[in-house]
Amino acid sequence: MKDKHSRTLSEVPEGETVTVVSIDSGRGLRSRLTSMGILPKTELKVLRNHRRGPFVIAVKMSRMVLGRGVADKIMVL
Amino acid sequence: MADIPKKITVALAGNPNSGKTCIFNMLTGTRQHVGNYPGVTVEKKEGLCRYRGYEMTVVDLPGTYGLTAFSTEELIARRFIIEEKPDVVVDIVDSSNVERNLYLATQLIEMEVPLVLAFNMSDVAEQNGLVFDIGQLSQLLEAAVIPTVGNRGKGRTGLLDAVIETAERAGFERTHTIAYGEEIEHELASIEKLIGEKESGLAEKYGARWLALKLLEQDGDILTKLQNRDVIDAVRKSIEHLRDIFGDEPETVIADRRYGFISGACQETIKTTVELRHNTSDLVDAVVTNRILGLPIFLLLMYLVFQLTFSIGTYPMGWLEIFFGWLGNTIAGFWPAGSEHWLKSLLVDGIIGGVGGVIVFLPNILLLFLAIAILEDSGYMARAAFIMDRLMHKIGLHGKSFIPMLIGFGCSLPAIMGTRILENRQNRLTTIMVIPLMSCGARLTIYALLIPAFFPERLRGPMLWLIYLIGILLAVVSAKVLRLTIFKGETTPFVMELPPYRMPTFKSILIHMWQRGWMYLRKAGTVILGISIILWAAMSWPRPHDTSLAGLTAEQAQQQKLAYSIVGRLGRAIEPAIRPLGFDWKIGTALIGATAAKEVFVSQLGIVYAVGGPDESAGRHTLREQLQANYTPLTGFCIMLFCLISAPCVATAAMTRQETNSWGWALFQFFGLTTLAYVITFIVYQLGSLLLY
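These protein sequence lines map, in sequence, to chains A and B.
Just so we're aligned: the first sequence equals residues 1 to 77 in the numbering used here.
Just so we're aligned: the second sequence equals residues 78 to 770 in the numbering used here.
Bound conformation, chain A alone (with noise of 0.2 Å):
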C-alpha cells in the first residue's frame, strides 16, 4: 500500500471496487461514516458517478448516498 497510488473516492469511475484507506476530515463526519460502516479496509463499489452532485456506493450490503464534498475526503485505493 503505497500512499502515492491513493485517490479521493471522488475520481473513482462508476463500476469500480475500491478499498478506504482514510478519512481526512473532522471527528464529526469520520465518526458518522464509521457507525455507517465505512472506515479503512471497508471495501465499496461506486454505483453512481456523475461527475457532479452526489454519490451512490455500495458497502457490504447497504447502498449510500454520500455528498461529492464526502466523497472528496475518502482516500481510497
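Watch out, some of these pointers could steer you wrong.
Between beta-carbon pairs, the in silico distance windows are [as the list claims (entries may be wrong)]: (1) A:H50 / B:Q344: 35 to 41 Å; (2) B:E317 / A:G28: 20 to 26 Å; (3) A:E16 / B:R579: 27 to 33 Å; (4) B:R306 / A:D24: 30 to 36 Å; (5) A:D24 / B:E259: 27 to 33 Å; (6) A:T8 / B:W740: 41 to 47 Å; (7) A:H5 / B:L303: 41 to 47 Å; (8) B:T357 / A:E16: 20 to 26 Å; (9) B:N738 / A:H50: 55 to 61 Å; (10) B:T252 / A:E43: 29 to 35 Å; (11) B:Q344 / A:D24: 29 to 35 Å; (12) B:K314 / A:E14: 44 to 50 Å.
In the EDC-like style, the derived pairs of lysine to aspartate or glutamate whose C-alpha atoms are separated by at most 20 Å in a straight line are [unchecked claim]: (13) A:K41 / B:E326; (14) B:K270 / B:D310; (15) A:K60 / B:E574; (16) B:K122 / B:D454; (17) A:K73 / B:D325; (18) A:K60 / B:D359; (19) A:K73 / B:E326; (20) A:K60 / B:E203; (21) A:K45 / B:E574; (22) A:K45 / B:D454; (23) A:K73 / B:E574; (24) A:K60 / B:E345; (25) A:K60 / B:D200; (26) A:K45 / B:E176; (27) A:K41 / B:D333.
The set of hints was computed from the structure by calculation and includes no laboratory data.
Bear in mind the structure is a predicted one, so any value in this text is a computation, not a measurement.
No residue lacks a Cβ here, since even glycine has one placed at the ideal position from N, Cα and C.
Here the structure of chain A is known, so what remains is to put chain B in place on it, guided by the hints.
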C-alpha cells in the same frame, strides 16, 4: 399478586431503515402517543403494551447508527438510556445487513444495558440466502436474539417473552466485554481507576469503564462533564500515547475493534448460501437514479402525487363544505331569521367559519400524507433526495429539503411538519422560513379571483405560472441568503443510506398518515380555533349604532359594520403605509383578514365592496367588475404579489413556533416575509407606474 400489572419501560433502539417503526407498531398497535423530547423537535413516540401481566411503556428512540455526541438524535437516545434507565433496550437489527447494524449493539453492550436483539426482516435475509445460528450468536453477544418480521407481525410473542425474561434477570453481569487490545485496555484501566477516585459521582452515574472509553474517544458531551484536573490531564496523556502507538486517533482504533468483535461473532454464526451480485433494488435504481431518466421520473411521480391529492381530495372536500354549511345554517336556525345575536355570529362566522375553513383541507392533507407515507416506506424518498441534491446544493440545502418545499404547494402546515426529515437544524430552519413562498392551495383562490378580473384570456395561464415561478425564485434566493447570513455554518456533510425498496404495508402507511393528520387536526382544534375567535371579534367590534345602519341593504350594512370594526379601522390606519404599493384601505382590510387564512382575503373583499359573499357566483362576478372599475391591472398584480410573499397565515406561524420551539423564529418568518413583500411590491408598483402610466 398477578392482578396488579408490573410496569416496565422498554426502549427501542436501531438504525434508520431497520424497520424499527414496524416493530413499534407491532408491539403497541394504535395505543401510541407522539410528542417531542424536551427542548428539541425530535419526535418522541411512546406506546403501551400489555403482555403476561406486564404493562410495558415502549419508547421509540430516534433511529441512529451509533451513540456518539455528534448528533442530536444520538445524544437523545444515549441520554434516555442513561437518565431514564429503561428496564430493557431492544435493538432492532436489519438481519440482511447484520454487521453494520450490530455496530450500534456494541455501543449498547458497552453501556451494559439489559439488551434484547430483534433480528428484523428475517424473511428478507432468508431470501438473500443468509442462515443464522441464533443460539450461538445469542451466547456470543450475551443477549437474547429473536428473529422478527415487523411488517407482518411475526415474532411478537417471542420478542415480548425475551423482554420479560431480560427484565427479570436484573443485576446480570456480562462475562465478557468487547476487548480493545492490550494498549487501549491498559489506558482504560488506569483512567477507570482515576475516575473512581476523583470523579466518583460521575463514575456512579455512568459507570467508570464506559466513561473511560468515552473519554478516550474524546466524546464532547462527556469531556465537558469532567471537573477534576488530574483526570483531564491523564486522559490527554493517554490519548497522546495511543496516537503515538497507532499513528491514528484512538477513536478510530476503538471503532475498528468494535467491528472486529462483530465480525468475530458473525464469522461462525452467519452463513451465506447464495452469492448475490445484483439484487432487485439495484436493478430498480439503475433506472430510477439514472443520470438522464432520474429527474423526469421524479417529476412524473410528484405530478401524480399532486394529481391524487387534489383530484380525489376535491370530493370529500366538497362534502365537508356542505357539512359545515349545513352545520352553520342549523345553528343559525336556533335564532330568529335576521337575528344579530353575537353568540350566533361567534358560532357561525367565528368558530364554524374559522375551524371549518381549516378542516375542509383535511382530506387533501390526509391524501398528501398518504402519498408521502407510501413514498417514504417504499424507499423512494431517499432516491428523490439523491436526485435533487445537485440542484439544492447550489442554494446551500440538501436534496431532502426539496420534499417539504414541494408539499408547500399544497399547504404550508404539513410542509413545515415535513421538515422533520432534515437532521441539520440550520438546514431545517432555512427550509421552514422559505416554505411559505411556495404558493399554497389557499392562495390559489386569490389568484383565481384576481387574474380573470385584470387580465385577458390569453394572459391568464402565463400570469398564474409567473406568480408560482416568482415564489419559487424568491424561495431559492432567500434560502441562499439565509444560508450565507443567519443560518451560516458548515453544511453537514451529506451522507444518507438508500434503503432497499420495500412494499409498504397497508397498516404502517395508515398509521403514518393518521399520526400526521391528527397533529393537523389538533392544531385546528386549538391554536387556529383561538385565533379565529380573536379575528372574528376584531371584525365584529365595535359595532356601529343601529340608527346609522337604517335604510341600508344587508350588504351595505355588512360593509358599514366591517368598516367600523377594529379590522376596518386598522385597514384605514395602514392606508398611508400601503399607498405606495397601490393599495387602498379596502385592500388593507382584506389583507389583515387574510392573516387568519389566505382565502379569507376573497371573502373580506366581498364584504368591503358590499357585493355579498364570495360563494354566490353572481356576487363573485360583480366583485370582479368592482375590482376592474377601481384598480389597474398593475394593482391587481401587486395584490397577488403581496399575498404570495407576505405574512404567512397564523396557522403557519403557529406551526413554525411549534416546530422550531421558538416564537422568535415564527415572528422572524412572519415579519421577515412581510417586509420582503413590502419591498418587492413597492419596487414593482413604483417602477410599473413609472413605465406604464
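These are the hints, each one checked on the structure:
1. A:H50 / B:Q344: 35 to 41 Å: Roughly 37 Å apart at Cβ, these two residues keep to the hinted range, so it holds.
2. B:E317 / A:G28: 20 to 26 Å: holds (21 Å)
3. A:E16 / B:R579: 27 to 33 Å: Since E16 (chain A) and R579 (chain B) have Cβ atoms about 28 Å apart, the given range 27 to 33 Å holds.
4. B:R306 / A:D24: 30 to 36 Å: Because 33 Å falls inside the window, the suggested range holds.
5. A:D24 / B:E259: 27 to 33 Å: holds (28 Å)
6. A:T8 / B:W740: 41 to 47 Å: holds (45 Å)
7. A:H5 / B:L303: 41 to 47 Å: Roughly 42 Å apart at Cβ, these two residues keep to the hinted range, so it holds.
8. B:T357 / A:E16: 20 to 26 Å: This hint holds: roughly 23 Å between Cβ atoms.
9. B:N738 / A:H50: 55 to 61 Å: violated (38 Å)
10. B:T252 / A:E43: 29 to 35 Å: holds (33 Å)
11. B:Q344 / A:D24: 29 to 35 Å: holds (31 Å)
12. B:K314 / A:E14: 44 to 50 Å: holds (47 Å)
13. A:K41 / B:E326: holds (16 Å)
14. B:K270 / B:D310: holds (14 Å)
15. A:K60 / B:E574: Holds, at roughly 12 Å.
16. B:K122 / B:D454: holds (18 Å)
17. A:K73 / B:D325: holds (16 Å)
18. A:K60 / B:D359: holds (13 Å)
19. A:K73 / B:E326: holds (16 Å)
20. A:K60 / B:E203: Satisfied, since the Cα-Cα distance of roughly 17 Å is no more than 20 Å.
21. A:K45 / B:E574: holds (14 Å)
22. A:K45 / B:D454: violated (25 Å)
23. A:K73 / B:E574: With a Cα-Cα distance of about 18 Å, the restraint between K73 (chain A) and E574 (chain B) holds, given a limit of 20 Å.
24. A:K60 / B:E345: Judged against 20 Å, a Cα distance of about 18 Å means the pair holds.
25. A:K60 / B:D200: holds (19 Å)
26. A:K45 / B:E176: Between K45 (chain A) and E176 (chain B) the Cα gap is close to 17 Å, so the pair holds against 20 Å.
27. A:K41 / B:D333: holds (10 Å)
The structure fails to meet hints 9 and 22 from the earlier list, while all remaining hints are met.
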